[in-house]
Every structure is written in C-alpha cells, then in structure tokens.
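Based on the sequences and whatever the hints tell you, model everything.
Chains as they are written, first to last, in the UniProt record's numbering: chain E, 1 to 439; chain W, 1 to 439; chain A, 1 to 439.
Because the hints were derived from the structure by calculation, they are not lab data.
Quick caveat, the model's predicted, so the values are computed rather than measured.
Be careful, since some hints might not be right.
Heads up, the list lumps identical chains together, so a pair's fine if it works in one copy or across two of them.
[As the list claims (entries may be wrong)] Here are the simulated lysine to any residue pairs, SDA-like style, with alpha carbons at most 20 angstroms apart: (1) K385 / H117; (2) K86 / D157; (3) K287 / M392; (4) K374 / G435; (5) K367 / D436.
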Amino acid sequence: MNEAARFAPSAEATADIGGEIHALVSRLFPICRSITGEGVRRTLAILSEHVDVAVREVPSGTRVFDWTVPQEWNVRAASIRDASGKAVVDIAASNLHLVGYSEPVARRMPLSELRTHIHTLPDQPEVIPYRTSYYSRDWGFCMAHREYLALDDGDYDVVIDTTFSDGSLTYGEVFLPGETDREVLLSAHICHPSLANDNCSGLAVLAFLARALAGRRRRFGYRFLFAPGTIGALCWLAANEERLSRIDHGLVVSCIGDGGGPVYKRSRRGDATIDRVMEAIRCDGRKIAMIDFSPFGYDERQFCSPGFDLPVGLLQRSAFGTFPEYHTSADDLDFVRPEHLASSFRMIMDIIEVIETDRIPLNLSPKGEPQLGKRGLYATTGGHKTTPDVTMAYLWVLNLADGRHSLLDIACRSGLPFSAIAAAATRLEACGLVGDAQA
Amino acid sequence: MNEAARFAPSAEATADIGGEIHALVSRLFPICRSITGEGVRRTLAILSEHVDVAVREVPSGTRVFDWTVPQEWNVRAASIRDASGKAVVDIAASNLHLVGYSEPVARRMPLSELRTHIHTLPDQPEVIPYRTSYYSRDWGFCMAHREYLALDDGDYDVVIDTTFSDGSLTYGEVFLPGETDREVLLSAHICHPSLANDNCSGLAVLAFLARALAGRRRRFGYRFLFAPGTIGALCWLAANEERLSRIDHGLVVSCIGDGGGPVYKRSRRGDATIDRVMEAIRCDGRKIAMIDFSPFGYDERQFCSPGFDLPVGLLQRSAFGTFPEYHTSADDLDFVRPEHLASSFRMIMDIIEVIETDRIPLNLSPKGEPQLGKRGLYATTGGHKTTPDVTMAYLWVLNLADGRHSLLDIACRSGLPFSAIAAAATRLEACGLVGDAQA
Amino acid sequence: MNEAARFAPSAEATADIGGEIHALVSRLFPICRSITGEGVRRTLAILSEHVDVAVREVPSGTRVFDWTVPQEWNVRAASIRDASGKAVVDIAASNLHLVGYSEPVARRMPLSELRTHIHTLPDQPEVIPYRTSYYSRDWGFCMAHREYLALDDGDYDVVIDTTFSDGSLTYGEVFLPGETDREVLLSAHICHPSLANDNCSGLAVLAFLARALAGRRRRFGYRFLFAPGTIGALCWLAANEERLSRIDHGLVVSCIGDGGGPVYKRSRRGDATIDRVMEAIRCDGRKIAMIDFSPFGYDERQFCSPGFDLPVGLLQRSAFGTFPEYHTSADDLDFVRPEHLASSFRMIMDIIEVIETDRIPLNLSPKGEPQLGKRGLYATTGGHKTTPDVTMAYLWVLNLADGRHSLLDIACRSGLPFSAIAAAATRLEACGLVGDAQA
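Given below as structure tokens:
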C-alpha cells in the first residue's frame with residue numbers, strides 16, 4: 001500500500017478543524033486546574049468525549065523517584081473583601097486570582113499584612129499573573145497591579161476555602177496501537193488553570209489529533225499523555241519505565257494556539273530523528289524555527305533527564321516566557337485563534353506523516369539521470385531559466401536514492417519540504433524508477 | 001624535477017591568450033548546433049585545428065542506459081513570411097529563432113494559430129530566447145517580444161526545412177596521457193547554438209588548455225570531452241564505464257567568458273579533492289565563490305548521478321540562470337570578453353597546477369622554528385607590526401609539515417593561496433628544511 | 001576536600017593587586033633588555049623579590065636545535081650628536097632609541113649616511129618605534145618621525161658603545177610542584193626593553209600569580225618561564241625535552257595590561273582543553289574573544305611547532321600588532337592600567353581554577369529532575385517568566401551529569417560560566433544529588 005496516501009488530508013483536516021479545536025479550548029478554559037484535584041478530572045472527562053482516555057489515579061504519598069505525590073488540593077472559594085463586605089478579589093472572576101495550592105485562610109487582616117501575600121506585575125498593570133506554591137505551604141492572591149494600587153488602607157477579610165486531603169494525582173492517557181511495537185509519545189500538561197494557550201491549546205490539539213489518528217492505519221503506536229507538569233510526567237515515567245525503550249519519537253506540545261513561531265526546541269540528543277523531522281516540515285509554508293535543548297521548559301525536562309534521555313522535543317508557536325501574555329490573564333480565549341490551532345493541527349499531522357512514511361528509496365536506474373520526459377515528469381520544452389520545485393524534487397530523489405539516504409535525509413539536504421520529496425518518490429516509484437532499499 | 005616549476009606560466013599564458021580564445025569563440029558562435037547534426041561536426045572540426053580531437057559517432061537508436069540516441073536532426077532553412085512575402089523571422093538572422101529539433105513545416109496559417117508556436121520573453125522584450133524540444137515532436141519559433149507584438153493579423157507562410165534521419169550523435173574527445181594511469185576529466189557541452197558564453201566559451205577555453213597541456217609533463221592523464229548535453233555525456237559514460245574509476249578529479253566548464261563570478265558548484269561528494277582545490281586557488285587574486293551540489297545544471301548531473309558519483313564539480317563565471325543574458329540572443333560575442341577568457345584559462349591552469357603538484361611536505365627541523373633569517377627567508381630587522389604573506393607561508397608550511405597535511409591542506413587551513421604555499425615549500429625544500437613525507 | 005573552595009578568591013585577589021602589579025611593571029619598565037645581557041639578569045633579580053626564580057645561563061655558542069645561542073650583548077651608551085655637540089638622540093632618554101643588538105660605532109658621518117640607519121614611523125610621527133637586528137650584524141637608531149624631519153643637514157657624531165662577548169643567554173624559571181606530576185606552563189617573554197604592555201605586563205602578572213599559587217594546594221605543578229623570545233624558549237625546550245609530555249595545559253602571556261580584549265589565540269591543536277577552558281571563563285563578566293592558531297606571534301610558535309605540538313595558547317588583552325601603541329614608545333606606563341592588570345590576574349586565576357577543579361560529576365538521581373525545592377535550591381513560588389542563572393546551573397549540571405560530561409563540557413554546552421557550573425555542582429554534591437563519576 002502506498003504509504004503517503006495513507007496520510008493524505010483527511011476530513012478532519014479540511015473541515016473547520018480550527019473552530020472545533022477552539023470550541024474545545026473554550027470548554028476547558030474556565031476549569032480551575034492544579035496538579036491534583038477535581039479540575040484535572042473534569043478536564044479529562046471533557047477530553048474523553050473526543051477520544052478514549054484512560055484515567056490514572058496515583059495515591060497521595062506515593063513515592064515517585066525523588067518526589068512524593070502531594071495531597072490532593074481542591075478549592076471551594078477564595079476572596080478578599082473590604083470592610084464594607086465588597087469583594088475586591090474573587091476567584092469566581094478568575095481562578096488565576098488564587099495562588100495554586102494556597103492553604104486555607106479565614107481571617108481579617110490589615111492591608112499591610114495582606115500585601116505580603118499579593119502578587120502583581122508592575123510592568124503589566126492590567127493583567128493578573130499566574131503563581132503557584134505547590135511544594136511549600138503558603139497562601140496568596142494574584143491581581144492586576146492597577147487594582148492593587150487602588151486598595152484602600154484598612155482591614156480585609158481573607159477567605160481561602162481550600163482542602164488538602166489524601167486522595168490522588170490524576171492523569172490521562174490515550175494509546176492507539178500501531179502495526180509495530182514502536183511508539184510515538186505526544187504529551188501536554190494539564191495542570192494550568194485558565195490559561196488558554198498554556199495549555200488548553202495543547203490539550204485540545206492533541207485530543208483532535210488522537211481522534212484523527214484513531215481511524216487510520218498506523219505503523220507506530222501513539223501514546224497521548226495529559227498529565228500535570230513535572231509530578232504527573234514523573235508518575236507516568238515511573239509506571240512505564242520498562243516500556244520507554246519503545247519510544248522512537250516524541251513531542252511535548254504547549255502554547256500551540258497563538259500566532260507566533262512555530263518554534264521547536266530540540267531534544268537533549270540534538271540529532272534525534274524528531275529533531276531532523278522538524279527541519280523538513282513546514283507550517284503554512286514556512287520553516288520551523290529551531291532552538292537547542294536546555295533543561296528548562298515543560299516535561300521534556302523529565303523525558304530528557306539523563307536517566308531516560310528520550311528523543312523528545314518541545315513544539316510551540318510562541319516560545320514560553322517570550323510573549324507578554326505568558327502566565328497572565330491575557331492568555332485568554334482571544335489570544336488563541338482557530339486558524340492558528342488548525343495550522344498547528346496540520347503541522348503535527350505533517351510531522352506524523354514524516355514519521356509514518358519515511359523510508360529509504362533506491363534509484364533503479366542510477367547510471368545517469370533516467371529520461372523523465374518520456375514519463376511525463378519533465379518539461380518537454382527546454383531552455384527555461386528556472387526549474388520548478390516539482391522537477392527538483394524528482395532530481396534530488398533520484399540523485400540521493402543510493403540506499404544510504406532516507407526521504408528525510410533527502411529533504412534535509414535538498415532544502416525542499418518532506419512532502420515534496422515524498423510525493424516525488426511516490427511518483428517515481430509508480431514509474432518503476434525507484435524501489436525500496438529495504439525490500 | 002621541481003613540480004612547481006613544471007607549471008610555471010607558459011608562453012600560452014603570457015601571450016594574448018584572451019584574444020586567441022575570443023577569436024575561437026567567434027568562429028564557433030555562428031554555427032547552428034544541436035544535440036546531433038552537422039553543427040556539432042563543424043564545431044569539432046574547428047577545435048581539431050587546435051588539438052587532436054578524436055571524433056566519436058554513436059548511431060541513432062543506440063540504447064544508452066535509460067535513453068535512446070535520437071535521430072540526427074539537420075536544418076536547411078526556417079522562416080516566417082507575411083502575406084507580402086517579407087520574412088518576419090528568418091534563421092539566417094539568428095539560429096536561436098528556431099526551436100531546436102523542430103519538425104518540418106510548410107504551410108500557410110493565420111496569426112492566431114502561429115502564435116501558439118512562438119516563444120518570447122515579455123520581461124526582456126528586445127532579445128530572442130533559446131528553446132528546444134529534443135524529445136517531444138513539436139515545432140516553434142523564438143523571437144523578440146517587441147517584434148512579436150508588432151505582428152499584423154493575417155496569414156503567414158511558415159517554412160521549417162529540417163530533416164530527421166538515422167545518422168548518429170557526435171562527440172569529441174582529447175586524451176593526453178599522463179605518467180600515471182590516474183585521470184582528470186574536463187568537459188564542456190557542445191550542443192548549444194549561437195550562445196557565446198554558454199558554451200562557445202567553455203569549448204574554446206578547454207581547447208586552448210588542451211593545447212597548453214599537450215607540451216608538458218603530466219602526472220595525470222587529461223581527458224577533454226566536447227559532448228552534447230545529457231545524451232552526449234551519457235554516451236561517453238556508457239562507452240567508458242570500466243575506466244571511470246581512474247578519474248580522480250573533474251570539472252564541467254560552462255559560461256566561462258563573462259565578467260561575473262567565478263562560481264564553483266561542488267561535486268555531489270562535497271569534500272572531494274577538487275572541491276578543496278577550489279578553496280585554495282584564486283582568480284585574479286580573488287577567492288572563488290562556492291555553492292553546494294544540486295542535481296540540476298550541466299553534465300555534472302550525469303557524472304554525479306548515484307551510479308557514478310564522480311568527483312566532478314561545475315566551474316563557471318556567472319552561474320547559469322542568474323544573468324539576464326542567459327539563454328538569450330544577448331549571450332553574444334560582446335558578452336564574453338578576452339580578459340575574462342584569459343583569466344578563466346589561467347584559473348583552470350592554476351587548478352591543474354594544484355592537482356599536479358600537491359604533495360605532503362615533511363618538516364626536517366620540526367622542533368621549534370628553524371632559523372629562517374640565516375637562510376635569507378626572514379626579515380633581518382625585527383619589530384615590525386605586520387608580517388609579509390611570504391613569511392607567513394614559510395611559517396605555515398613549517399608548522400603543518402608534520403606528515404599529515406598536504407600542501408592543499410596547508411593552503412586551506414592558512415587561508416593563503418596554494419601558489420604561495422607551494423612556492424614556500426619549494427624554497428624550504430631547496431634549503432633542506434623540508435622533505436617529501438612520501439619519499 | 002572541596003576543590004572549588006581551594007581556589008576561592010584569596011587575599012591577593014581582593015587586595016589592591018592591580019596597584020601592586022603596576023608598581024612591579026614600573027620597576028621593570030626602564031631596564032634596557034635584549035635577548036641576552038645584564039638587562040635580563042636585572043629583570044630576573046627584581047622578579048626574584050616576589051617569587052623564587054631559578055636563573056639559568058646558557059653559554060654563547062650553544063647549539064639549540066637549528067639555532068646557536070648568540071654572543072651576549074650589553075650597552076653602555078648610544079647617542080647621536082650634532083656638530084654643536086648637542087645630543088639629538090640619546091638612549092638615556094629611551095632605550096628604544098637604539099636598535100637591539102646594534103654593533104659598536106664611533107664615527108662622524110653626514111646626515112645622508114646617518115639616514116640609512118634611522119627607523120621612524122611616518123604614520124605615527126610622535127613616537128619612537130622598536131626595532132632589533134639580533135641575527136644580522138647591523139646598527140641603527142629609532143626616533144620620532146617629527147624629530148627626524150627636523151634634523152639639519154651636516155655631520156653628526158654617532159656613538160654606540162655596545163659590547164658583544166662570549167657570555168650566556170639568561171632565562172628564569174619558577175616551578176611550583178603539584179600533587180600529581182602533570183604540569184601547567186605559563187610563559188612570558190623577557191627580551192623587550194621599555195615596552196610596558198609588551199611585556200613588562202606579562203612578567204609582572206605571572207610573578208604575582210606564582211606568588212599567589214605558591215601558598216595553595218595544587219593538583220598540577222606550575223612552571224613559569226621568563227625567557228627571551230624564540231631563542232630563550234628554544235633553550236628551555238631543549239633542556240626539558242624529555243619532560244614536555246607532562247605539560248597538560250599552557251599559556252603564553254603578553255600584552256596583558258591594556259584595556260582591550262581579552263583575546264585568546266587557540267593552540268595549534270585547536271581543541272585542547274585549554275582552548276575550551278577559554279570559552280568557559282569570563283573576564284569582568286565578558287566572554288573571551290577567540291582566534292584560531294597561526295604560526296606567528298610569541299613563543300607559542302615554538303611550543304606549537306610540529307615537533308612539540310604542546311597544548312599552549314596565547315592570552316592577551318589587545319592582540320599584538322592591532323593597537324597603535326604596539327612596538328612604540330607609546331607602549332608606556334600610562335598605557336597599562338592597574339585595573340586591567342588586576343582583571344588579567346583574576347582572569348588567569350579563573351583559568352587555573354577551571355584546570356584545578358574540573359571533574360566529571362555524576363547525577364545520583366538521574367531519572368527525572370530531583371526535587372530541588374525541598375533542598376532550598378528552587379524558587380518556592382512557581383509561574384515566573386524567567387529563571388535565574390543559578391537555577392539554570394543546577395538544571396544543566398543535573399541534566400548533563402551522566403558520566404560523559406565534565407564541568408567544563410557542561411559550561412561550554414550551557415553557555416554559562418564555569419564558575420557558575422562549578423558552584424552548582426558543589427552545592428548539588430553537598431545535597432547528595434551529585435557524586436564523582438571517577439570515584
């Protein structure tokens with residue numbers, strides 16, 4: 001069967017996939033998530049409407065490598081009220097207002113004391129920052145600096161109605177088995193509250209990708225991971241340690257719905273196949289910006305730790321920390337756009353197409369160029385100043401199909417997109433000029 | 001014998017070699033060439049006045065790898081006349097007017113029909129383009145777009161008096177044997193009609209090079225090939241398949257008479273000796289611009305196909321397709337200049353000098369620098385701010401002559417021209433400071 | 001014992017080391033040095049006040065590889081007087097006035113003859129150039145071009161009261177043994193007369209470094225060489241040939257007191273450890289500019305000759321030949337500044353710290369990141385846009401501490417200074433997260 005044809009644009013890719021993904025982002029956005037608790041479970045429940053998510057629960061207190069699963073944290077209410085009883089901050093307005101994992105508080109205090117628990121961004125006075133205190137017992141509120149400056153002196157009633165309890169950490173996993181036992185890992189963190197790009201976008205795009213892949217033949221198995229950052233990824237790694245050697249390629253996906261980038265951060269190895277795939281694909285016709293691995297970011301930090309060193313990179317539109325909306329209330333439903341979500345969806349589908357269809361072609365007529373014209377693959381009139389890319393793709397495949405270059409190698413060396421090289425190889429195979437070096 | 005001295009500037013190089021080459025270009029220019037026919041034979045006959053050309057004839061219909069030698073095509077006349085009998089296009093004015101390999105026509109037709117057979121360049125309305133249709137039966141005319149727009153409505157008498165016949169494809173070969181059985185290939189395509197730079201220039205420069213080399217000692221054998229593009233090169237490859245392994249270095253030479261560049265396109269291997277030679281020589285004191293191999297261009301496409309993968313690059317002044325005169329009637333005898341032809345001749349002689357004289361020197365006094373001053377190789381007064389290149393060449397040769405670096409290696413690492421490094425090595429050998437690592 | 005702590009800033013580094021070094025430069029500056037003679041001995045005597053210098057004498061006429069130690073040259077007086085007896089040039093004013101190794105002269109001569117022995121810099125008319133004629137018997141004076149132009153016609157009395165005698169070449173050596181038999185070579189040329197940067201600065205900085213290192217534990221032995229350029233270095237190489245294999249790292253130090261650079265010229269090997277060390281250290285927070293080896297400069301020419309090929313680079317502030325004061329009377333005590341001398345001293349101490357403390361760390365918790373927060377190594381509040389360098393250093397060490405990367409490797413790959421990486425490793429070791437891969 002023709003490999004390339006298996007991954008031709010599907011109904012999913014051509015319909016209003018961007019609108020559908022954005023609708024899912026919009027449903028996930030309001031949920032108050034953290035690294036444990038009901039927010040994660042509600043999120044996984046919504047994702048389960050699209051794909052068959054296996055929900056895993058890891059009990060509080062479980063030792064995971066150097067870590068311990070923390071107690072489950074849930075929020076009922078959180079507010080600051082002034083002396084008149086008016087709420088100056090209320091989590092009902094934005095769940096960014098409460099520092100993640102804040103301990104319960106119910107106390108009146110003067111502004112001077114309250115201030116030591118308030119986080120703002122003086123340089124961005126209109127937006128609420130996002131802060132957490134997962135592993136150090138504390139409490140706090142986040143608010144717009146402009147509103148913070150407007151607080152009157154006096155006493156405030158602080159209520160943080162949160163619970164810590166022995167429960168569990170929750171993560172979700174979708175596995176689509178392939179024809180071989182080799183696997184591709186696609187991971188998105190699920191622990192952030194109302195931040196649309198970081199990472200409702202990643203969750204939603206991966207859910208639609210899983211749905212799209214479910215109905216196709218797959219050489220590789222695909223493992224989708226929706227887990228809380230760091231501790232969730234570590235739980236999954238601990239539970240799957242003996243099968244990690246099956247993972248040939250992986251991507252962490254976050255901040256995938258804005259209009260920047262795309263930017264790809266290479267795996268720790270730096271020359272993994274996934275790293276080279278990213279050079280050979282295009283997003284809306286543009287090359288992907290590449291940056292080297294560094295041990296900071298999302299869960300590639302865990303996957304690429306020296307004890308695992310998996311071939312996993314990080315794919316984003318705008319790189320984390322580089323856009324002003326990052327980790328603020330400005331990372332909202334307007335910041336992520338259907339067209340960017342659709343473009344990211346297509347880009348990852350193209351990545352998967354490379355992974356699925358890469359092969360080593362063999363030129364069956366390697367002495368000189370074969371006569372392409374008589375096969376309808378070459379202009380009949382000669383003398384033009386330039387050569388179409390489609391012709392160049394034929395010539396590159398023929399020139400490098402010596403049994404030592406894969407289609408991916410040929411794409412990287414030629415500078416042409418993998419899709420153009422793969423299409424040329426398929427056409428040349430149909431003409432009998434190229435075969436399979438591994439056959 | 002001193003290797004460098006063997007290639008000191010010869011009488012050819014110092015006389016008006018540019019004028020002589022241009023005169024040969026001028027004789028070749030008017031001939032109506034194609035991939036077969038009398039034009040190629042007349043061209044080879046003129047080249048034979050300068051060097052001993054072996055003329056090869058390959059019968060029409062011969063299978064050559066994936067190709068078949070086409071019928072021989074000859075032209076007697078070709079014109080378009082208006083109703084009054086006035087020739088609006090006539091091959092007598094320029095043999096670019098006729099599309100190469102046009103089939104015979106003798107028919108009156110309206111302008112509307114004629115138009116579908118006319119090729120022009122709307123962006124360059126004053127010049128005639130060059131077009132061919134070798135492998136697809138068709139006919140056509142090329143003309144200046146300005147004249148095309150001036151054609152009146154009405155009927156035209158089209159006469160194309162061409163013949164297709166079982167004959168042969170013709171190519172020429174000059175072989176100058178060397179002291180060893182290793183060979184250098186120098187190839188220029190002979191199939192283009194009246195285009196001075198592309199490639200009367202290549203034919204003429206190679207003819208003079210062959211004449212200049214004929215009278216010298218040669219470590220390598222030199223094989224000059226004057227063959228029609230693609231099919232001619234393939235004929236030669238097929239006839240010489242068993243001896244291709246003798247070829248250590250090769251150059252395809254085209255567009256070598258204009259004032260641009262020079263530009264060198266690397267071999268498919270990318271790190272062949274010829275590729276490194278081009279970094280170490282200079283043309284009129286300037287470095288050669290380098291571009292990577294791509295499987296489009298001239299007959300390096302065939303020599304570098306995966307079944308042969310010969311160490312052959314492409315040497316040009318302006319790269320094909322990049323200058324406005326390319327494949328138009330503006331590529332005429334004014335576009336190629338004697339000074340550029342002479343400079344290209346010297347450049348290729350310098351390339352050959354590197355190939356002939358490269359060797360691995362051995363510093364016989366490797367502990368510390370030897371005292372160059374007492375041998376007259378160093379300034380007697382010390383303290384100057386800068387060091388002359390000639391001194392730097394001595395120091396580089398001494399420093400790298402450890403038996404692991406050739407003169408070419410030393411030139412590339414030092415950034416000095418090979419000629420300077422070779423001269424320094426020769427002088428150091430004369431002083432007994434350097435010997436031959438291979439002796 | 002903690003390696004990093006051994007090289008914590010010492011009293012030397014924090015006191016007014018710059019002022020002390022500049023005071024030593026000021027004492028060395030007026031001495032009339034050459035490649036032999038009393039000037040070198042007086043210089044070594046002053047250096048001996050700071051460190052225990054072993055003074056070596058190599059008799060005139062000794063064969064040293066391709067060279068012969070020249071006769072000892074000493075100067076009593078040198079002047080040019082006009083007809084009125086007025087000194088127009090006198091070595092008492094500047095010992096640059098006399099060309100080094102000038103032969104004795106006592107003769108009246110017309111200006112026309114005198115002119116052929118006068119060296120000036122027309123482009124820098126106010127300064128006296130520095131010139132030598134070590135190995136070719138000659139004599140000459142150097143003077144400011146402006147004064148040269150003001151010379152009246154007429155006769156002049158030239159007196160050069162110099163002596164050539166069988167004596168010796170003198171060099172000094174300081175050796176501080178280490179715990180192992182591996183050695184570090186630090187070399188500064190001692191043959192230049194009154195040039196403050198080139199190289200009173202190098203001599204003085206190395207003397208203070210030797211003094212600072214003398215009181216510390218040292219893994220490596222440190223060999224400081226104060227030798228005349230070329231012939232002095234060759235004498236040392238000849239005398240130490242059998243022990244050169246002990247040298248793991250080396251630096252030639254010159255022009256180390258001005259405000260430019262720093263610039264490091266790599267060793268001939270190009271990838272020696274010392275070459276990589278220079279990428280990982282900082283000078284006043286800035287990276288060191290790197291240039292490739294070339295066989296011209298100071299005594300790295302001898303150390304890096306192919307018969308020795310030692311891992312020795314050249315460290316400077318402004319690179320020789322690139323600053324207008326180079327080899328002129330403008331290279332004076334104002335051109336070198338205490339703050340630059342102190343900065344250079346600290347930079348070389350930092351280099352030595354890398355050499356002494358580099359090691360291969362091993363992450364003892366390699367599966368995922370260990371939990372840094374519970375060890376006080378990570379911010380307790382999460383969500384910030386940027387990460388402090390100190391955190392990045394922990395993460396880089398942990399990520400690359402797989403037993404295949406040294407601290408130096410980690411510094412180079414991370415782009416962080418070695419000092420930051422080493423401090424992070426030390427802290428992680430204290431926490432039990434990192435051990436020694438070689439233990």
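To see whether the hints hold, each was checked on the structure:
no. : hint        : verdict
1   : K385 / H117 : between (69 angstroms within a copy, 19 angstroms between copies)
2   : K86 / D157  : within (10 angstroms within a copy, 96 angstroms between copies)
3   : K287 / M392 : within (18 angstroms within a copy, 29 angstroms between copies)
4   : K374 / G435 : within (19 angstroms within a copy, 58 angstroms between copies)
5   : K367 / D436 : within (17 angstroms within a copy, 39 angstroms between copies)
Hint check: no violations occur; every hint is consistent with the structure.
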